[in-house]
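There are 2 protein chains.
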Amino acid sequence: MKKPLLGLMAALMISAAPVANAETIATGDLGLIIERAKGSVLLVDQSERAALARIEGLGDLSHASLVYSPDQRFAYVFGRDGGLTKVDIVKREIAGRVVQAGNAIGGAISDDGDLVAVSNYEPGGVRIFDADTLEMVADIPTDSKTIGLVDAPGDRFVFTMWDTGETWIADMSSGKPEITKITDMGENPYDALITGNGRTYITGLFGEDGLTALDLWSDNPEPIRVLPNYGRGQEEMPVYKMPHLEGWALAGGEFVLPAVGHHEVLWIDADTLKETGRTKTHGQPVFAMARPDGRQVWVNFAHPLNDTIQVIDTVTKEIVHEFKPGPAVLHMEFTPRGHEVWLSVRDAGKVMIYDTQTFEKLREIDADSPSGIFFTSRAHRTGL
Amino acid sequence: MKKPLLGLMAALMISAAPVANAETIATGDLGLIIERAKGSVLLVDQSERAALARIEGLGDLSHASLVYSPDQRFAYVFGRDGGLTKVDIVKREIAGRVVQAGNAIGGAISDDGDLVAVSNYEPGGVRIFDADTLEMVADIPTDSKTIGLVDAPGDRFVFTMWDTGETWIADMSSGKPEITKITDMGENPYDALITGNGRTYITGLFGEDGLTALDLWSDNPEPIRVLPNYGRGQEEMPVYKMPHLEGWALAGGEFVLPAVGHHEVLWIDADTLKETGRTKTHGQPVFAMARPDGRQVWVNFAHPLNDTIQVIDTVTKEIVHEFKPGPAVLHMEFTPRGHEVWLSVRDAGKVMIYDTQTFEKLREIDADSPSGIFFTSRAHRTGL
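Order-wise, the sequence lines are chains A and B.
Heads up, the first sequence is in our numbering, so the first residue is 179 and it goes up one at a time.
Heads up, the second sequence is in our numbering, so the first residue is 179 and it goes up one at a time.
For reference, chain A alone in the conformation it holds in the complex (with noise of 0.2 Å):
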């Protein structure tokens, strides 16, 4: 009974912030981080490793993650169940809130800050709405679930189908969507990611072995096969297991690839996107992340192997440091500059903070069943 009175606890203490801090105004070093059984948001502050509210309400977070606006003051939610609430950090209040579908997989935003998108399971599809008033400003059905949105320079939209392996490009430039449509994309393509340049969009694939590229620099994008040997396949490896693309980290001109059902984690050249190496790592990955300087790429790993982190030297390839934060470990934040990473740790109603160089923790700050963390620095990035 210990840990759920002191869970209370730490919510009342909580609660009672918001009235003390509610000078706070530069929003720069603020982040939020999914409460997932609560549906509720926890708003903290990099720079004092502190929890500042928690702001209740968003519905089903089981699955959820979340955009910034420009000016860093506006989140939008993503839940599980359609809905998108637009969270004000510094009222630390709910701004809006519209439940746009009945099952939704994220969002983006696009890159004047005017638009937030939504992709759909059901209705499959892609749903567009102003960033200020949450009113819809287009509809655009795929008669598929719809898969790995994400925002690209131009005022565009990014989207996948499960269905029929398409990827649509939304071009929202001139008010309404002017769609490029590429067929061909492989077998059921799960999720999907941008590079952080806007160039470079790249598909998992359920249906079949491998991924698929685009270069969305081309005038006539074409889908590029990339480790056609590689990936799920025959193995016949449960989705739940399937590592997030965005996950992806990009070290120096490699990216980092979890391996899907293996315990390694694989290197693949940004320009030939051929393979370049391959590291043995603890457990199945979940997440590999690169610190944003790109020198060490920090893993974590799937169930029951999910306490652990292994942090792996981009030069060597070789794993330099690994340790045991607690049970279920969801999620790995770094600030901006990479000086620290924050972690949720699920299962211990905590989120931990670590020094990078030294490895040393930092701050231990109490969450309720943590998950994704989001720092505000997000606004100025592509395809986050």
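I should point out that these hints are in silico values taken from the structure, not numbers from a laboratory.
A portion of the hints provided could be inaccurate.
Note that identical chains are pooled: a pair holds if it fits in a single copy or bridges any two copies.
[Stated by the list, open to error] Listed next, the in silico SDA-like pairs over lysine to any residue satisfying Cα-Cα at most 20 Å (straight line):
(1) K495 - D449
(2) K539 - S352
(3) K539 - G353
(4) K452 - G431
(5) K359 - A316
Fit chain B to the given chain A structure using the hints.
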């Protein structure tokens, strides 16, 4: 007489503005513009494309730059007169000021935001200050004019000596500077940069041809000669025409270098540091700055051709757009995701804002002899 009067009116209008905008409380999309003649900075809002307030009393800003605190609340402005001024952009006032040397040439902020360093001509050396209090915490005399000061991951500062050709790395992680000295960087380094990942430090040389690079990931960094047959060399270019190295663009896998004393930019492979191409330009380039996605490089030019901008496509290395914003285009700053660019047009007394996709002019803002433009998103990047 018309221009000064308009300038005065603009100043009055701006001074009145803060009241109307006093509730702006998120700092992610703000910025400061150096007003070099007046010794003031203009607080601007990217999303509103508007000036919010003028903050005066910063001394000699004829050669000035600034860095931001991680929370994007404070700017540290480095003036030519050795003044280090801490500006509170939330309260829109000076929060502190020290005149720490007789003649300074730029500064940097540590990755954790705790320390601000300034490099000085008179007396030569680097001084390091507590970012909160502006109290000096370290004085590092170098017996040389000191240039090219940058921050590097791991609480380090890197800087270079004009007179002795040495580069020093000061590691501040223990609280006191631990110095690593690298000799033989070349004759009379005049400026330097660090790449965005904090790995490569490059100095430009005045006393001999070429540049010198260091791999800061190496345990024992050794000088690497870059373009040894290219540079100022025997041509005896006056130093005031040397391009600022921080203007170097990293576009994809290549650097774009403003050629010294020639009407061209040079392309250098970021891995091998070998030349990969040249593009003829309208004049002697001063800044060659990549749009954040790396697809375009915008170039401005030295007097008397400094009324013109050329835009280069980084795939074809060809000029795709040219226009004349007005007299004396001194600096450019992209919005963090690159959809717009702000230009300082000093002799027009204007900052001009353009769409980078359509090249359409979106807005003009009055400013008094504007030069450097610095958006708060720099807080989250290394070496800016």
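We went through each hint and held it up to the structure:
1. K495 - D449: both (19 Å within a copy, 18 Å between copies)
2. K539 - S352: between (49 Å within a copy, 17 Å between copies)
3. K539 - G353: between (48 Å within a copy, 19 Å between copies)
4. K452 - G431: both (12 Å within a copy, 16 Å between copies)
5. K359 - A316: within (17 Å within a copy, 59 Å between copies)
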